[in-house]
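Visitor: Just need the whole structure built from these sequences, with the hints factored in.
According to this note's numbering, the stretch in the sequence shown is residues 1 to 191, in order.
Calculated from the structure, these hints are not laboratory results.
Since the model is a prediction, treat every value here as computed from it, not as a measurement.
A couple of the hints might just be wrong.
Simulated crosslink set (DSS-like; lysine-lysine; CA at most 25 Å straight-line) [what the hints assert, rightly or not]:
| # | residue 1 | residue 2 |
| --- | --- | --- |
| 1 | LYS170 | LYS130 |
| 2 | LYS107 | LYS168 |
| 3 | LYS122 | LYS141 |
| 4 | LYS107 | LYS141 |
| 5 | LYS32 | LYS43 |
| 6 | LYS170 | LYS141 |
| 7 | LYS168 | LYS130 |
| 8 | LYS122 | LYS170 |
| 9 | LYS141 | LYS168 |
| 10 | LYS107 | LYS130 |
Label pairs and their in silico Cβ distance ranges [as the list claims (entries may be wrong)]:
| # | residue 1 | residue 2 | range |
| --- | --- | --- | --- |
| 11 | ASN86 | PRO162 | 31 to 37 Å |
| 12 | VAL183 | GLN34 | 39 to 45 Å |
| 13 | HIS53 | LEU73 | 49 to 55 Å |
| 14 | LYS43 | LEU128 | 18 to 24 Å |
| 15 | ASP151 | VAL183 | 24 to 30 Å |
| 16 | GLU139 | ASP20 | 34 to 40 Å |
Ideal Cβ placement from N, Cα and C applies to all residues, glycine included.
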Amino acid sequence: MFDCLVDYWETYGYSPGIQDLIDGIETTGRRKVQMLLASLKQKQYIDWTPNQHRSYRILVRGVPVLGMIQAGLVIEHPTEQGEWINVPGVSYRSHQYALRVCGDSMKDEQICDGDLVLLSCKFDWWTLPKAAIAAVRVEGKGATLKSIVFDGEWVFLRPANPAYPVLKLKPNEIQIQGVLIRVIRDYQVFE
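Guide: So this is what it looks like as structure tokens:
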């Protein structure tokens, strides 16, 4: 429901009405939409002016952190949305999310253990830059953050640390879950 609201705002530049939301989440129930809206309001994701048509306001600014991504060996990490981060110059887009990096296989690209990576799952396969850094799910193994290189009938997942091997896979063995947009790092100052 939240993504439906955001997508409508991005597309039309104003708040959707109830019928737009019913159509957007493909339901026939006005009551279901009202319950979902009430839940979002209770979580302080949205607000609205009572008895005023098209008055939904998105209160959340930032990006959801959906879990961790391994920068090392391919390992499954649980996905959970709980934390939101504010990123200067970035407001919530339904196709963007962040993951916390776990490991050091991308250190030569200045992506370190503990960093947050901002990813977009809205990309065009045919215009991906050569060696784009992406969150890639490997069939039957889990996900990893690597540079992805297409070469003929093979896909290579390249680490940015010589201590880790390059993975050579068939295209049907992977799923790109997001392409890197930005690295976010907290600097701790010690006294």
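Visitor: Failing hints, ascending?
Guide: 14
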